[in-house]
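Turn these sequences into a full structure, and let the hints steer you where they fit.
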Amino acid sequence: MDFKNIGSLIIIFGVITVFVGAVIYFFGGSLSWFGNLPGDIKIEGKNFNFYFPLTTMILVSIFLNIVLRIIFYFFK
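Under my numbering, think of the first position of the sequence shown as 1, with each following residue one higher.
Treat the hints with care, since some could be wrong.
Simulated DEER-style distance windows between Cβ atoms [what the hints assert, rightly or not]:
1) Asn36 <-> Arg69: 23 to 29 Å
2) Ser32 <-> Ser8: 34 to 40 Å
3) Val18 <-> Gly45: 38 to 44 Å
4) Phe72 <-> Asp40: 25 to 31 Å
5) Leu9 <-> Ser61: 17 to 23 Å
6) Thr17 <-> Phe74: 27 to 33 Å
7) Leu9 <-> Pro38: 31 to 37 Å
8) Asp40 <-> Val18: 26 to 32 Å
To be clear, the hints were calculated from the coordinates, so they are not data collected in a lab.
Glycine included, each C-beta is placed from N, C-alpha and C at the ideal position.
Take a look at the structure:
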């Protein structure tokens with residue numbers, strides 16, 4: 001892999017990051033369910049809070065896996 005391909009990958013990841021940031025900025029209120037899905041573990045005690053977003057992490061992992069497979073398919 002030469003530097004031209006690496007540069008184009010960095011540009012693509014930058015564009016994706018800007019797009020995701022814009023979606024979160026403009027539609028953040030309508031995405032309030034994200035992070036509060038069934039399967040996300042919340043434990044609240046008297047002086048203790050624990051939050052482990054298990055379902056959210058699985059969905060993000062699946063989404064990123066699909067996106068990266070599509071990107072690498074086009075660079076093959």
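Hints not upheld, ascending by number: Violated: hint 6 alone.
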